[in-house]
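Undergrad: As a plain string of letters, each chain reads:
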Amino acid sequence: MTLHNRRQFLTGAVATVSGLITARESLAKVPEKALQSLPEKPAAKFDLMTMVKKYRKIDSHAHVYFNSPDGDAVIDIADRLFIETLSISRPMVPGGKGDPKEFIEANNLVLRCYKKHPTRFLPQMTLNPQFQKESLDEINRCVDAGMVGLKLYNHVKMNDPLFYPVIEKFIDLKMVILMHMGIGKARINYDSREPANVSIPGDIVEAAKRYPEATFQLAHLGGGIDWEDACKAVQDVPNIYVDLSGSNNEARIVDCAMKYVGEDRLLFACDNSFYQGVGHILAAQLTDVQRKKIFFDNYNNLLKKIGRNVN
Amino acid sequence: MLIDINTYIGHWPFRQLRDNTCKDILNRMNEVGIDQSIVSNLNGIFYKDVHSANEELFEAIRASGKKSDRLVPLAVINPIYSGWKNDFKVATERFGMKGIRLHPQYHGYDLTHENCVTLVKMARDKGLPVMFSLRMVDSRPSSWMDISKEWALKDIMPIIKAVPDAKYAIVNVANNSQLNVYNKDEMELFRNTDLVMDTSGRMILNLGEMLRTYGTDKFAFGTHAPLLDHITGLLRIESLRPEEASLQDKILLNAGNAKRIFSI
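The listed protein sequences correspond, in order, to chains A and B. Start counting the first sequence at 7; every next residue gets the next number (my numbering). Start counting the second sequence at 7; every next residue gets the next number (my numbering).
The set of hints was computed from the structure by calculation and includes no laboratory data. We put the CB at the ideal spot given by N, CA and C, even for glycine. Warning: the hint list may mix true and false statements.
[Said to hold, decoys possible] A few chain B residues facing chain A, derived, Cβ under 8 Å:
hint	residue
1	233
2	241
3	245
Let's have the full structure, built from the sequences with the hints guiding it.
TA: Put into structure tokens, the structure is as follows:
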């Protein structure tokens, strides 16, 4: 099945076919009866956009794309949903080798977007510890260029010894390590695009227990992973934060995360599924203080450790 | 006015649900300012005799008392199970259900099965819409015992081709929504069919663009709650900019198109 993915959307590739009817023309099809029986105004009892605007937001897991190389499309939808700051990275190609050429190009893209929108984007680097020396060199280069964290993909499991030097470096830097989580644990057979080395919650837990001084971010609870399994896996691991991003906005994800992870370790994020990322936090039964923590304060407190917090 | 065309009571066998009773739905409606909700019973997906779920829904709404007119029931019909024609008659005539929901993937038949086509024609003849969900839940984190195949929008086309003059509601548009990429004739048929898609699905990525592609008569507010959260579907509408949707367009999305399809 060919999926119409977020990437296509962000680059404006959603179909606009010449010759299609416009919205205005299509109104002609609506029976008069349906229009006559309607009130003059849309529902006004619940002002959703005021609620959206009320909460300052830092998106702790966002991406930029090579086919939208300045990040403008991401800023456009962030503006729509009043997301003021986004931590951006450019993951490597699924199933790819993840060699230094690829991760350096990805990081350069992130830096270009950061340069264009320095007050909106917080840049994160990516790397592959299978290329140990090049990865450690890349950390130095990216930190010098102003990057604030690390986003990892599925080349090596988080608890693999190959990652130890990288984790130790990030302990010194006091920066967050954001790790992709594999899709498929709930179905026993992993998703076809996930390689054998993809991390699952137990892997990040093992790494976090080995390195309690490090700060980890478990990626996209709504990103197709078994979110119940993930919440239960990290419940007693205080140096793992959990981001609520992803296209899957099942109604109980936030409830489950609150139950097992708690309001101090949950991070607002969209992973570019922006409506779901904002919507399911607003829909959850949370107090005002809890929403402020999740939308803004928790991640901003992590940024404070490196002096890169949002004022 | 606000009408949610996609809500449920009932249970999901692989995950605990909350807010899945008529009372819960009404509380949620009051919170968000929803005037009416189109409701069906999730149990109808899993009961072998699905009509029991219609009986449950009928009783549950009746027990809601004076507020029951805010809950508009849809019947789940399985056209390959004995007695389905009578189920349809009872649900639509005695229970007053305002349309039908079909779950071909869970019930194990193709959209072009002759009974399915017959059932859709029966609904058409009564002026009732037929609702399909492209998926009920995200298959990735669901159970190994759940179905794994999800539909794209093009997978609905066989029944639209078979019965183009019926009314349809397509909900949880979670996968490819670009019919025109595949077949412009299908796109033309789709646009000429009296149907709506709800705003709950993850592939409603850019509703402003989709309104231009499909038309403002083709979308209606829906939540897919309590499986999905009850805010995201509304957020996609409310965050539209004035140049993407006029006040009149939003009225259609919030309620007008639902009233047309469900005759409420």
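Undergrad: For each hint given before, does the structure comply? Return the numbers of the non-compliant ones in rising order.
TA: No hint contradicted; all consistent.
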